[in-house]
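Taking the hints into account, I'd like the entire structure generated from these sequences.
Those sequence lines, one after another, are chains U and G.
According to this note's numbering, the residues represented by the first sequence are 4 to 229, in order.
According to this note's numbering, the residues represented by the second sequence are 75 to 292, in order.
None of these hints come from the bench; they were simulated from the model.
Source: prediction; values computed, not measured.
Hints may contain errors.
[Said to hold, decoys possible] Per label pair, the in silico range of CB-to-CB distance: (1) U:Ala137 - G:Arg120: 46 to 56 Å; (2) U:Ala133 - G:Val132: 46 to 56 Å; (3) G:Ala94 - U:Glu89: 26 to 36 Å; (4) G:Thr116 - U:Glu89: 46 to 56 Å; (5) U:Ser157 - G:Ser88: 34 to 44 Å; (6) U:Leu55 - G:Arg214: 24 to 34 Å; (7) G:Gly153 - U:Leu87: 36 to 46 Å.
We treat Cβ as the ideally placed atom computed from N, Cα and C, and that holds for glycine.
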Amino acid sequence: MVLADGYHFELGFLFDHLGEIGAGLLRTLEISVIGMAGALVVGVALGALAALNVPVVRQLIAVYVEVFRNTPLLVQIFFLFFALPEIGFQLDGFTVGWLSLLLWGGAYNVENFRAGFEAVEGGYVEACRALGFARVAAFREVVFPLGTRIALPSVINILISVFKNSSFMVAISFPELTETAVNIVAVTFRVFEMFLALGVVYLGLVWLLSLGAQVVERRLAIPGGH
Amino acid sequence: MPPWVGPVASYVASGLRTTALLALVSVVASVVVGVVLGTLLTLPSRVVRAVVRVYVEVWRGLPIIVILFFIFFVLPIIGIRVDTFTAAAVGLTLWGSANMAEVVRGAVQSVPRGQGEAAAALGFSWPGRMRHVILPQATRRVLPPLIGLVVNLTQQTSLAAVIGLLDVLEASQRSIERLTLSGGSTHAVPILGAVLGVFFVVCLPLTMLSRWFERRLR
Numbered sequence: 004m005v006l007a008d009g010y011h012f013e014l015g016f017l018f019d020h021l022g023e024i025g026a027g028l029l030r031t032l033e034i035s036v037i038g039m040a041g042a043l044v045v046g047v048a049l050g051a052l053a054a055l056n057v058p059v060v061r062q063l064i065a066v067y068v069e070v071f072r073n074t075p076l077l078v079q080i081f082f083l084f085f086a087l088p089e090i091g092f093q094l095d096g097f098t099v100g101w102l103s104l105l106l107w108g109g110a111y112n113v114e115n116f117r118a119g120f121e122a123v124e125g126g127y128v129e130a131c132r133a134l135g136f137a138r139v140a141a142f143r144e145v146v147f148p149l150g151t152r153i154a155l156p157s158v159i160n161i162l163i164s165v166f167k168n169s170s171f172m173v174a175i176s177f178p179e180l181t182e183t184a185v186n187i188v189a190v191t192f193r194v195f196e197m198f199l200a201l202g203v204v205y206l207g208l209v210w211l212l213s214l215g216a217q218v219v220e221r222r223l224a225i226p227g228g229h
Numbered sequence: 075m076p077p078w079v080g081p082v083a084s085y086v087a088s089g090l091r092t093t094a095l096l097a098l099v100s101v102v103a104s105v106v107v108g109v110v111l112g113t114l115l116t117l118p119s120r121v122v123r124a125v126v127r128v129y130v131e132v133w134r135g136l137p138i139i140v141i142l143f144f145i146f147f148v149l150p151i152i153g154i155r156v157d158t159f160t161a162a163a164v165g166l167t168l169w170g171s172a173n174m175a176e177v178v179r180g181a182v183q184s185v186p187r188g189q190g191e192a193a194a195a196l197g198f199s200w201p202g203r204m205r206h207v208i209l210p211q212a213t214r215r216v217l218p219p220l221i222g223l224v225v226n227l228t229q230q231t232s233l234a235a236v237i238g239l240l241d242v243l244e245a246s247q248r249s250i251e252r253l254t255l256s257g258g259s260t261h262a263v264p265i266l267g268a269v270l271g272v273f274f275v276v277c278l279p280l281t282m283l284s285r286w287f288e289r290r291l292r
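Written out as structure tokens, the structure reads:
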């Protein structure tokens, strides 16, 4: 297939670079998995603390959430990578990769989980208290299992975004999948095929994640609705 | 004030103007295209819905950075040359309109079915049902996620720096590099801190407005 400027469409070169692409994909998966798991843990823990409404703690959590939600992830990455060394914290690309994703996804998930916990009907908690449950026990036994399930769809959306946003690390030249593709283009000039393949890989993985998420959501759906 | 601040500030401010223009263009285009596509997603025609669905799933599923690379590096191969600003605006609009379409579809479908059926029973045609019954209710539900999308798009404009657009982030990066090359300290903390601050000051009120609209819905 010949395109404008005599460009020949040719997918064969991809096989010569399978090793590099695989290594890049592995790094993408590494920072994504750590970032997603961390964002989940931070979200549940701080979301629960915020919902329990402990003074000072709730305000501190709100500051973290608002700062990370209202500034671009890319600028956060730049700050961690280029600015922190100036005040004595030298982080490598891998650390900045998972840490920035964890902090960004965590901030959104705190909001999601907090909203989920607060959406649990007050009557349930009152019923627990009437039965003699302590406040923390009522949260652990009733609000937590219901609230996490209410929050699940929006939490999953953020986790998928975390995976997609791992591509931002191209900006700090961390050799994940996107950076690897850019480097291969620089050597082979096969722009079209490389970015096409890149898009197919990301789309495939994102759709696979969404499919898995739907299964999990159905499994964990609150019987009879909420 | 130290002598490096003045020139850096005016350079970064010129980048900020580019960022603001890019955000404005992308938001307006995303909303216009997204509303049209979102409305198409609520039509009875299966074929129309399937076509729009493919558009939405592809551009929502791809990382924005990959969309930008694709437009900036691949379009020239089929003979369309684009500058960095156009590439960024088109890429952000593809992504933004796909998300906007979902927002509109969600809002229209969140209006209870009975509303449309009641209007139909009273003799309203499809345009009349949409105009007098569905849209007034859907608009209120569209506002919180719409503002969320505006915030998101505004933040994503920073990705244009990766394809070399001289926006607020790229201007800051170049300032930091220039300060490094001319000896002395890089001043990355105050410069990048200021960029974070600018985005924060713009986005926080919008986020709070979105939350206020959401509370009013209940």
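>> Taking 36 to 46 Å as the stated bounds, is the beta-carbon spacing between Gly153 (chain G) and Leu87 (chain U) within them?
In response: holds (44 Å)
> Does 46 to 56 Å hold as the CB distance between Thr116 (chain G) and Glu89 (chain U), or does it fail?
Replying inline: This hint holds: roughly 52 Å between Cβ atoms.
> In this structure, is the beta-carbon distance linking Ala94 (chain G) and Glu89 (chain U) contained in 26 to 36 Å?
Replying inline: At roughly 28 Å between Cβ atoms, Glu89 (chain U) and Ala94 (chain G) fall inside 26 to 36 Å, so the hint holds.
> In this structure, is the beta-carbon distance linking Leu55 (chain U) and Arg214 (chain G) contained in 24 to 34 Å?
Replying inline: Hint holds: Cβ distance 32 Å, inside 24 to 34 Å.
> Ala137 (chain U) and Arg120 (chain G), beta-carbon distance inside 46 to 56 Å?
Replying inline: holds (55 Å)
> Does the Cβ pair Ala133 (chain U), Val132 (chain G) satisfy 46 to 56 Å?
Replying inline: holds (53 Å)
> Does the Cβ pair Ser157 (chain U), Ser88 (chain G) satisfy 34 to 44 Å?
Replying inline: Since the Cβ atoms of Ser157 (chain U) and Ser88 (chain G) sit about 38 Å apart, the hinted range of 34 to 44 Å holds.
In this structure, none of the earlier numbered hints is contradicted; all agree with it.
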